Amino acid sequence: DVKVTQSSRYLVKRTGEKVFLECVQDMDHENMFWYRQDPGLGLRLIYFSYDVKMKEKGDIPEGYSVSREKKERFSLILESASTNQTSMYLCASSLSLPQGSLAFFGQGTRLTVV
Amino acid sequence: TQLLEQSPQFLSIQEGENLTVYCNSSSVFSSLQWYRQEPGEGPVLLVTVVTGGEVKKLKRLTFQFGDARKDSSLHITAAQPGDTGLYLCAGKIRGTSYGKLTFGQGTILTVHP
Chain W
-6 DVKVTQSSRY LVKRTGEKVF LECVQDMDHE NMFWYRQDPG LGLRLIYFSY
44 DVKMKEKGDI PEGYSVSREK KERFSLILES ASTNQTSMYL CASSLSLPQG
94 SLAFFGQGTR LTVV
Chain R
631 TQLLEQSPQF LSIQEGENLT VYCNSSSVFS SLQWYRQEPG EGPVLLVTVV
681 TGGEVKKLKR LTFQFGDARK DSSLHITAAQ PGDTGLYLCA GKIRGTSYGK
731 LTFGQGTILT VHP
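Those protein sequence lines, which keep their order, are chains W and R.
Residue numbers for the first sequence follow the working numbering, so the first one is -6 and each next one is one higher.
Residue numbers for the second sequence follow the working numbering, so the first one is 631 and each next one is one higher.
Looking at chain W on its own, in the form it has when it is part of the complex (with noise of 0.2 angstroms):
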């Protein structure tokens, strides 16, 4: 079975930290995305990566960024955490295929922002 681990299930941290967010999958998959995720709003990605150090923006990048040194690992970073980044961040990882992608996805991390 595919499994995509993130690092903490619930965070708390103050307007204006510095956030990571770590996700690692074991599938040796070469996509991997950060989602976040909002009541009635879906999940809308953030970030995706499409292979080591490769990175492209997603829908909502704004306040973040991201970093992939090795394939398994996708990292999110928050540079100043803001109460409107309080959320749920869900990882995934797929593999390419010509019709599309099957995601595989992290148990999520709840982050509080206060």
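Please keep in mind that the hints were generated in silico from the structure rather than gathered at the bench.
One should not assume that every hint holds.
[Stated by the list, open to error] Pairs of lysine to aspartate or glutamate residues, derived as EDC-like cross-links and limited to a Cα-Cα distance of at most 20 angstroms, are as follows:
#, chain 1, residue 1, chain 2, residue 2
1, W, K50, W, D31
2, W, K(-4), R, E671
3, R, K730, W, E72
4, R, K730, W, D31
5, W, K46, W, E62
6, R, K700, R, E635
7, W, K(-4), R, E645
8, R, K730, W, E23
9, R, K689, W, E15
10, R, K730, W, E10
Since we're looking at a predicted model, the values are computed, not measured.
Knowing the structure of chain W, use the given hints to seat chain R on it.
Same frame as chain W, now just chain R:
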């Protein structure tokens, strides 16, 4: 603007009833997936459909991909309390990079015993 519109947003039914969730777009999708998410957990992939008109069955769940590949539906027969959860559709828009999936806003299903 939501590229994938799911309806209804909320569904509350009694055990044994049937239900259908819809996922619609003005864009053509190369493929479309359905996920189920329980509270506090990440989404879990249920099925993927690729061919226009395709129908897939997973026990009491039936998934259909529209002929034009712009819409999909999830039908649950004789719903059970264990079906309760958030159902998400997601798809790859034709012409976008391999990795990028677009998600609907989800349908929260509650099945009462």
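Structure-based check of all given hints:
no. : hint             : result
1   : K50/W - D31/W    : holds, 19 angstroms
2   : K(-4)/W - E671/R : holds, 13 angstroms
3   : K730/R - E72/W   : violated, 24 angstroms
4   : K730/R - D31/W   : holds, 19 angstroms
5   : K46/W - E62/W    : holds, 6 angstroms
6   : K700/R - E635/R  : holds, 11 angstroms
7   : K(-4)/W - E645/R : violated, 33 angstroms
8   : K730/R - E23/W   : holds, 12 angstroms
9   : K689/R - E15/W   : violated, 36 angstroms
10  : K730/R - E10/W   : violated, 29 angstroms
Of the hints listed earlier, those the structure fails to meet are numbers 3, 7, 9, 10, in rising order.
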